[in-house]
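Undergrad: Sequence:
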Amino acid sequence: MNKTLLPIRALFVALCAAAGWLVCYTVRDWDAHQTLAIFIGLAIGCLVVLVDIMLKGFSLRGLSAITFGLAVGTVISYMISNSPLLEQGDPQIIFLVRLTLFIVCTYLATVIALRGKDEFNLVIPYVRFVPHEVEAPLIIVDTSALIDGRISRVSETGFIGAALVIPQFVLNELQRIADSTDPHMQARGRRGLETLGELRRIKNMDLRIHESEVGKPADIDAKLVFLAQSMRAKLLTTSYNLAKLAEFHSVAALNLNTLGKAIRPELVTGEILEVELTKAGKEDGQAIGYLDDNSLIVVNNARNHIGRVVTVEIVSVLPSSAGKMVFARLVEA
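Read in order, the letters of the sequence shown are residues 13 to 345 in the working numbering.
Where hints are given, some of them may not hold.
BS3-like, lysine-lysine: derived pairs with alpha carbons at most 25 Å apart [as the list claims (entries may be wrong)]: (1) Lys294 <-> Lys235; (2) Lys273 <-> Lys246; (3) Lys68 <-> Lys235; (4) Lys273 <-> Lys336; (5) Lys235 <-> Lys256; (6) Lys246 <-> Lys256; (7) Lys246 <-> Lys291; (8) Lys246 <-> Lys235; (9) Lys215 <-> Lys246; (10) Lys273 <-> Lys256.
In short, the hints are calculated from the structure, not lab data.
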């Protein structure tokens with residue numbers, strides 16, 4: 013039990029018992045039943061606290077859905093009750109029909125609202141309380157994007173103008189990975205938590221935690237896609253499978269790896285650049301280095317410069333199974 017709620021609940025039960033005693037104090041005919049009244053007050057207080065404990069985890073979104081369902085059910089039952097169908101007849105029968113309509117309509121409307129509480133954002137808006145004419149675009153971030161870490165560096169540039177939404181089940185998955193006994197998994201999970209901290213420290217960054225649990229799909233990827241559909245948001249990930257699943261469901265998704273490839277500069281013949289030579293090539297005099305995008309670059313007549321950063325001029329660029337293979341020659345100082 014929450015230590016903060018414990019004294020509040022104890023005080024509430026005590027007030028209920030005191031209320032029972034005050035009733036006997038007000039009505040003198042009940043003076044002989046003070047003990048019974050105090051017991052009834054205690055029982056009522058304990059029952060309310062028990063209901064409070066049973067409703068643990070019931071979100072404000074669920075309460076809003078119930079309120080909306082009760083309101084809609086009441087309006088429907090009122091309209092039917094005041095229709096010409098019930099103008100004439102036995103008053104007792106009409107009363108029973110109206111009572112049945114009220115109970116059935118409010119129940120059905122409440123159940124439907126609870127089932128679809130994650131699907132309608134207009135009636136029960138998600139955390140963003142903004143005018144309807146002002147749209148706040150949302151981007152849902154998955155676990156792989158947080159572990160990747162590049163999202164924090166992209167956000168620091170201020171280029172992302174949307175609010176980043178991190179679902180609670182993504183945080184739970186990230187915490188589970190960080191608590192893993194596998195050192196590799198543990199390092200990945202901690203890296204994701206560090207990225208989350210970096211995002212929180214960025215000024216003017218709209219970062220939101222989505223508390224509502226998506227109950228329908230069991231798979232995390234399916235949950236993310238369902239949530240993106242419900243909130244009309246985009247997905248940010250490094251997972252190829254999630255990006256393809258989102259594409260299948262017509263959800264806009266951005267793969268950071270695809271973005272990284274898209275913004276790589278195109279190398280052209282005659283371009284001058286600097287590269288570090290790391291090892292010898294296959295042919296005599298050749299030395300090999302790697303560009304920032306991990307493309308292989310072969311420099312002719314540069315074997316004596318292995319281990320140094322040299323200036324080279326691109327001679328040709330050939331596509332390969334691993335990406336691109338670049339051939340270059342040394343540029344004299």
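Undergrad: Does each hint hold? Answer for all of them.
TA: Structure-based check of all given hints:
1. The straight-line distance between the Cα atoms of Lys294 and Lys235 is roughly 50 Å, outside the 25 Å bound, and the hint therefore fails.
2. With a C-alpha separation of about 20 Å, the suggested pairing of Lys273 with Lys246 holds against the 25 Å cut-off.
3. This hinted pair checks out: Lys68 and Lys235 have alpha carbons roughly 22 Å apart, not beyond 25 Å.
4. For the suggested pair Lys273 and Lys336, the alpha carbons sit about 12 Å apart, so the restraint of at most 25 Å is met.
5. Of the pairs offered as hints, the one joining Lys235 and Lys256 holds, with about 14 Å between alpha carbons and a cut-off of 25 Å not exceeded.
6. Of the supplied pair hints, the one linking Lys246 and Lys256 holds, its CA atoms being roughly 13 Å apart against a limit of 25 Å.
7. Straight-line distance between C-alpha atoms of Lys246 and Lys291 comes to about 44 Å, which puts the hinted pair past the 25 Å bound.
8. In summary, the hint linking Lys246 to Lys235 is supported, as the alpha carbons are separated by about 13 Å, within the 25 Å threshold.
9. Restraint check for Lys215 and Lys246: the C-alpha separation of about 22 Å stays at or below 25 Å, so the hint holds.
10. For the given pair, Lys273 sits about 17 Å from Lys256 by alpha-carbon distance, which is consistent with the 25 Å threshold.
Checked against the numbered hints listed earlier, the structure breaks hints 1 and 7; every other hint is satisfied.
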